[in-house]
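Chains as they are written, first to last, in our numbering: chain A, 186 to 813; chain B, 626 to 1202.
These aren't lab readings, by the way, just hints derived from the structure by calculation. Among the hints, a few may not be true.
[What the hints assert, rightly or not] The calculated SDA-like cross-link candidates involving lysine to any residue, where the alpha carbons are at most 20 angstroms apart (straight line), are:
#1 K292/A to A880/B
#2 K227/A to A412/A
#3 K292/A to M310/A
#4 K325/A to Y814/B
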Amino acid sequence: MSDTKRTNDTDHEENIGASVGELRSGRWNTVGVPTEKSKDFKATSKRLVQRMADERWIAGVVLITGIVSVILVVLGPRVLGHATDILFDGLLGRNGRDGINFESLHKTLWFAVALYLASFVLAYMQTFMLAGIVQRTMYKLRADVEDKIHRLPLSYIDRHSRGDLLSRVTNDIDNIAQSLQQSLSQLLTAFLTITGVLVMMFVVSPLLAFIALLVVPASMLLMKQIAGRSKQKFIAQWKHTGELNGLIEETFTGHAIVKVFDQQDQVESRFEKINQKLFDVSNDAQFISGSIMPSMMFIGNLNYVAIAVIGGLKVSSGAMSLGDVQAFIQYSRQFTHPLTQAASTANVLQSGMASAERVFELLDAPEQEPEGDTHLAGNVQGRVVFDDVSFSYSKDRKLIENLSFVAEPGSTIAIVGPTGAGKTTLVNLIMRFYELDGGAITLDGVNIADLPRSELRSNIGMVLQDTWLFNGTIKENIGYGNPSATEEQIVAAAKATYVDRFVHSLPDGYNTHLTGEGEAVSTGEKQLLTIARAFLADPAILILDEATSSVDTRTEVLIQKAMGALRKGRTSFVIAHRLSTIRDATVILVMENGTIVEQGSHEELLERQGAYYRLYQSQFSAPSVELD
Amino acid sequence: MLVSLLRSKLSEYRGLLGLVLLFQAIQAFAGLYLPALNADIIDKGVAQGDTGYIWRIGGWMIAVSFAQLIFAVSAVRVGSKVAMAFGRDVRADLFHHVNHFSAREVAKFGAPSLITRITNDVQQVQMLVIMTCTLLLSAPFTALGGVVLALRQDVALSWILVVAMPAVAILFAILIQKLIPTYRKIQDYLDHINEILREQLTGIRVVRAFVREPEEVERFRQGNEALTTTSLYSGRMQALMFPMINVLVNLATVAVVWFGANRIAAGDMQVGAMVAFISYLVQILMAVMMASFIAMMIPRAAVSADRIQEVLMTNTSVAIADNAVTQLDIRAQIKMTGVGFAYPGAEQPVLSNVNFTLEAGETLAVIGSTGSGKTTLVNLMTRLFDVTQGSVMFDGVDVRALDPHALWSRVGFVPQKPYLFSGTIASNLQFGKEDATEQEMWEALRVAQAEEFVRSMPGGLDARIVQGGVNVSGGQRQRLAIARALVRKPEFYIFDDSFSALDLTTEANLRAALAPYTRDAAVVVVGQRVSSIRSATKIMVLDDGVVVGLGTHDELLATCPTYEEIVLSQAMVAGAQ
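Isolated chain B, as found in the complex (with noise of 0.2 angstroms):
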């Protein structure tokens, strides 16, 4: 998963990659240069009193130690620029992917969950690529370098290299191999962390009104306890690379003066040879101590690759058709043919064999049960889901077949829990048509009734709105997301139970003001109350998930034993008149 990501995201910067190989390449060789021509000033400079031959190769020297600077600090440059531009990338793709997820990928992910994973696990990632592009490029050509070298001292002695380097690399295998499923489960604790947190920020109120602070402190604290054990596992295990690594030099250095006494007692080697060897044979373990220290990333960059993967390779449930229509011949219809929906492995359909056809200028209202399949209804409609029985219509093209930017945009959406973006006013109708005047603005607003409390908010279509529109009172937020549906002027209407938050008063004013904005549209109203629906072209009454009723109010009140039910109750409730 890993190698894969890496492979078909640092493609695109292969060029630079190369320039970062090259540059360290040059680096990794002036570095090894350095010591052949210090041991030149002292055999030939020193040693034979050649002052000048000494100033000479010391400016060389100091030429090889400049270049090395050089390219050393551009393999820096495009290697952090590469690497930088690696998370930035897939960090995109991930969000862009997230974005056409349907409300069940989500949900199967947890938003949590998709939040660390576009930042931390991007992070973990992109850490592996700055290193290995600033420290580990160089090591092989150091390790190479130094091998030539501690050859040509003795070849007889290489023996201990060959035994040194694969026990340092068998010893690594071994501890990734062991710290990979600790680092799954520091992500995922991390997941868990992340959603505890989120869970009581959103839930604050909740949480405070019923005392719940002590368990809630220990719910985090067990998720916290969980994350350090685990952590503080993984710190353990990764402490024991470097002393390891360390402890194998050392030991290695000593075989080759065990070794090589023989060899020097049998005169087949020379003490300076071994002496030579010895440096070089540190200089090799050096590089790939080097290694190590991002070798010790691995582990963790790998788990998070999956992750990242995970997301990526996850298609959404309403794919967009090949060839999708993008135009439609407008004429606002909605159309249901023996539309059915159950969620997968559920044993009950939630909706079934619905069937109606809405024209423009009408008003389809919804009414029915707590449970009995309104709102689903209404995300077949805005093909948040799919359905799995029948077809959608929208101006008689199947929703599925529907390029959905082309759905989209003809329908006016107004969801049961009106959830409003940080900025402002302004910011959030934009959001419902981007280049809205100030005028169309506040014609919005008048008609969601939110015209005078706007006006007496400092700054009017500036004044702030905070995350979730917390800052406005329950129905304020809803008419602002009325306003929001209103300004874009679209075909279809959606209304999911809109109004449960307004009074009956400003309701009504409402609804007075919006029977002439919308008359040109499709009007889906999903509601509660029977005043605010009656007067609609076509009621529906759904009843677990099945139409039992459709048409008039004074059809269904003749025919529709449910709807009078529903009808008697708020008499009940309305008490005698």
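Bound-form chain A, shown alone (with noise of 0.2 angstroms):
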């Protein structure tokens, strides 16, 4: 993992160096997918099959009827065989009776019957059983992803392609299901009958077999070949999928900028250059594994001449009889057919191994810092403490520079200063989203990195500028807070945040289905839902991220006041652009460049006549609301 992201990085370094152009063309969305090299197909395949541990003794099972299935094949024709003897008999009056033993004959024929369709029982459930395996592998293997996407830092998520992760979850997971299935009954059915068949083989003649056998270092070596280089395709084929399925999602994401700015050609022509990256790899791909099996058939097909040949030299010479010969013949066809099936699905095989090292990068991934166990007292009072805390994105950019502050319980504290002061970073350290690389954070005494991430958040209610609604009812989304909520809870929140008013107005009500897309309600009523979302989950905290930007001044006026009454015994962290909002907060925060250059209340900060003081005057010496 760490060379991957050593690789990375080397990238991401190189992109920056790169021309303009070529980055507008080429280089759509590299971070985070995955180098080609440096990869190992056997430590995936292990993993995989570690991962099926839980399902040993069903596998035990599958092997057992995969194992009696084919014995009950290779006999068979030994029984039809026999029916043919009796035959045969009969034909030359061998039997003692006139013409052919027909009750026998039938017996041995129903004999034949009962024992295929054992077989046929025995197969079904090898197959059916195995289904079972590699789909339950499968549901672990997603479920494993999907805990771990909770388990990463949000700079991890905040860095990859979306479409690409959400491409190893649907297609990667999908192709390695696919081809599980594909070849691991067949692989087993094969391995089986060449191990029967070899000792068949054996026992008739030692000297053909041993010819025979020399089809398996032969097709061995083959394999090697074409196998190392369909690897190398597999990877970059499924590394293009993620990489188009990133550029669609983006694209789709921001389908209405793509349309209004005219750049539709453009990004299809980048579309373009990765879908003819995909069609090249996978076609070569396709080609390559594809020749295994006309390349194992030739194989055979020598082994077969060969056999005729040599067969044909030595009963002439009178060293074998022309029955063995034409036996063996017939146990050479059975033994490479599955040979030529077990190579080509070997190959499916790798398809699937390029996939499964996807999804495990991914689960290796470095995850969050790990969390404490200490638990905060039962009434929380909200004291958080900002001590010498130092943050920064990347190295080279120091953002949040030894920065100290109290929050006294119940206080409001505002938090202003111009765009990318680390406003909105600040409270996101409160939440712990991103860890300190200095100081600490203290919430009524405990450093918020000895207590459990849940427990931190539970107690604090988060506004965020970017509003986030799901899937789901208008009731839902509010609920979203708190999932224990009855339906009055929800509408008492509701009209508490103005969302009732607008609701009403909406056919459906509460029940109105808002999808990503949402067409239902406008950006402002989504400011006022994700209010409507924190005042229900009733938190000690409470963080509001220029949570009204969106709404008219009217609307605002009204929350202004519910939040007045919201914020009453609570700790508030304010961010707001509006001075005018935060005037009554017991301490304004004056941020500039990551540090806190004043602090005081508003009438203090207005006294000292320093950076508080310049920003007010602007914002109200600006020829602003006049009434007549």
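Hints in hand, dock the two standalone chains.
In structure tokens form, the structure reads like this:
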């Protein structure tokens, strides 16, 4: 993993160094996409097998049914051969009766029917159980990825293409399932059949068996050659699939912008490029892996000719009987057929392994810092202290440096300052979305790094700058903040945050279904919904990051009043550009370039005539609202 | 659907497909010829002790198998090219088609579903095409050759073939019938999983802030379980296929011995002929089995083809007119006459009877409460939706008659949610103007008040932007989105509440810099703050989709009570000065 990471970093630097034109044309979305090198298929397949360890009992049963079923299949021709003998004996009058012994023939044939039916049942059982093993393993794999997503640091998710992550869960896992499903049972049957037939061959003629056995190293060599080539192509194939998924996802997310900026042709040409690359590698992958079958058939045929010729010569010299050669030829066909099959399915597995690597790579990504197991005292007061906190997203650009302040329980802390000063980052740190570079943040005297994340966050209600609603009803979206809330509580929260008003004008009221691309509600209304969500969560600490920026001012006046009530008895952090909305804050922190340049109450800061004063002046001295 | 998709997208490769067919035929016949040669070695060479003959035919056999190799590999080469080209073309078609959808069609399918359709569904159909080209196409030749050879041995026994082959076909048809609805469900569940996961990734901060991970995991688990249960069901159905064919083949051979015995007893047939008949029967049914292997893929591919065709057959609701106007007489004028918009089936229109004319150099500000129709109005101008009443005219031409490129190349749009694309600052600005020079970019950044922070970023213009622009602050993102529109230097600017994340100082500076930059353009500004719109040429006050006031700040203060209310509310928030 560290290797891949390092390669990514280099990739990153290359990108920055690359010319703008190249960046635009070719290297779209390369962040976090794995490089093609340093792949270890052996380790991957081992891991995949290990993941099926829970299923070993069923796997054992699969193996046994497989063995029995193969034995029955190998026995089948012998029983039929016996029937032919009965025919011959009858014709030659060797059975001491006149003509064919139909009674004995029919008995033998019924036995063959029973044998075949039994092998049918066993073979079906085998694949039936195998399907279970594969699907349950895939279920766990998907569940593990889901769990992993909730353990990844935010910085990882921010850095990676969403479409590529999605592709790993849908396309890659689907591909693993399909290739396992297709190949496992065939591989197993093929292996067992080869063993069975080989035993029979040695019984008939050790010399010819040895010649037939030459096929094995020859095909191994061939497989190695071909597999080595196709592996790279399969890796590239799934990598490009992920890349394409990334581009598609991003384009469809920004659909309106792509259209209005008339960038469809440009996006399409980028798509064209990745699509063409995908075509090139998958064409090669398919060709290389598709050649396995004919090549194996050829090796099989060579072997077939060798046995026919050598066998023929041996018969002519009287060293072997014609019947033995005939039988041997039949066995050698039975031998090469499963070998061919095994070779081509092993190749299907290669494609599955390439996908498995991508999934494991995600599962191996470094996780967020471990959480502590200290607990807060039963009644959370909400005293938040920043003690000499330093933080940066990337090493070369310090964002927050040596920041200290105290938020007393029940106070309202307003954070003001120009955009990019680090206001949102500061509240993100309280949520422990990111890890500090230095210093500590404490809640009620406990370092938040020592708390379980869930305990910390469930005491904080946050309304973000970016609204996020999920596919569900308005009721469900408000209830997100408190899963156990009753309908009355939801409506009460909606009323307090002026959501109720517009919900009533919707035809389905609280049951109106919101979709990701939602047409039903406006951006301002979405903001109101997210406020209602935090309201319902009823936390000890409240964080409002530009919560009402898209809400019209008339509604905002009303919300401010409701917020005043909500803030009572809670520690609140408010980020707002409209200074008017934060005048009554207990403490105002003025931030510039990641540090607090001033702090105090509105009046104190105005008196000081510093940064806040200037900010305030610029807002209100500018020709503002004039009332006649 | 599957057939029509294949027919339309493969027709281009008809010649290559013919070639694959030819190669497969040669390859199959070579395969059938080998046992005949082998019989010759035994009958004529071994039995008569003719060593020279054995060597000769042995050499000939090697030549035939070499020819088989060459043709089989060539078939794979051409076949995989056709199949992959098919996949590539369908993906490109889908992507192109979806790009021309309006927001409504995208919402109808949902972005996650559209993504699965372009990648996963295409993959399924493509898989069928590959398998057909590399395996299936040789099956009919092998089967046909086998039938001919079997008939040469004994015509009377061929009724077994007549029974066995349709029996296989019917059993398959039944299985496929059962599998199709199952696969439809599987693809839908896959969509659903994609949707849940995409929601979690986009809303990861909210999920974490509200400690909803357990519930999200549970939601995913339900989707996962539904997918697994259905996949398991289909996997088990599929598991029936191979053993079923096997048992049919074997029972048919038993039948041949059973009934062959009677004919042999009657002296109508030789034992040798019966043995040969069996071997051809096996060969034929092997070919059928090969076909069945591919037939297993048909249900899923059919469902996927349906889903692909569904997208391809959906027409965009903002269609390009025939003979669309591409040349405009440039005077930067926007005019709305009696414009109304309602969602289909909705009782209340979102907008009704909007009228205004905006000339070059003028600014129209739109203000109104949340949900009053401001964004809808803007979307009608950029033709993300089409009006349901009245008309929107750009430079005297109805937008619906205008070539969308002609329209969009003239508009600089800043959306309410400033979405940035992954890449660099420069690549995002070039989104606005493809051939923008560095100088132009810096100028746009300067006007958008973004120059300073871009300069401080490592790499400057080449600084990395991640998907959605989440690695810069909300205010910075908004300013980059503004710069992206400015760099185009268009005739029309549309700012949809684009200053909401800016502090007032920055906004004031921005507006001051913007004025000379947009002097010759027509500008539409949607805003919340009276302070930022009061200097506009015209202010439109929207309330519940109706224009309740249109005029200058002073005019509206005197005549429009809603406007006065808005102004008052801001004064109240601002507190007594």
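Checked hints:
Under the criterion of a C-alpha separation no larger than 20 angstroms, the hint pairing K292/A with A880/B is consistent with the structure, at around 13 angstroms. Taking the CA atoms of K227/A and A412/A, the gap is near 13 angstroms; set against the 20 angstroms cutoff, the hint holds. Our distance criterion of 20 angstroms between C-alpha atoms is broken by K292/A and M310/A, whose separation comes to about 27 angstroms. Taking the CA atoms of K325/A and Y814/B, the gap is about 16 angstroms. The hint holds against a cut of 20 angstroms.
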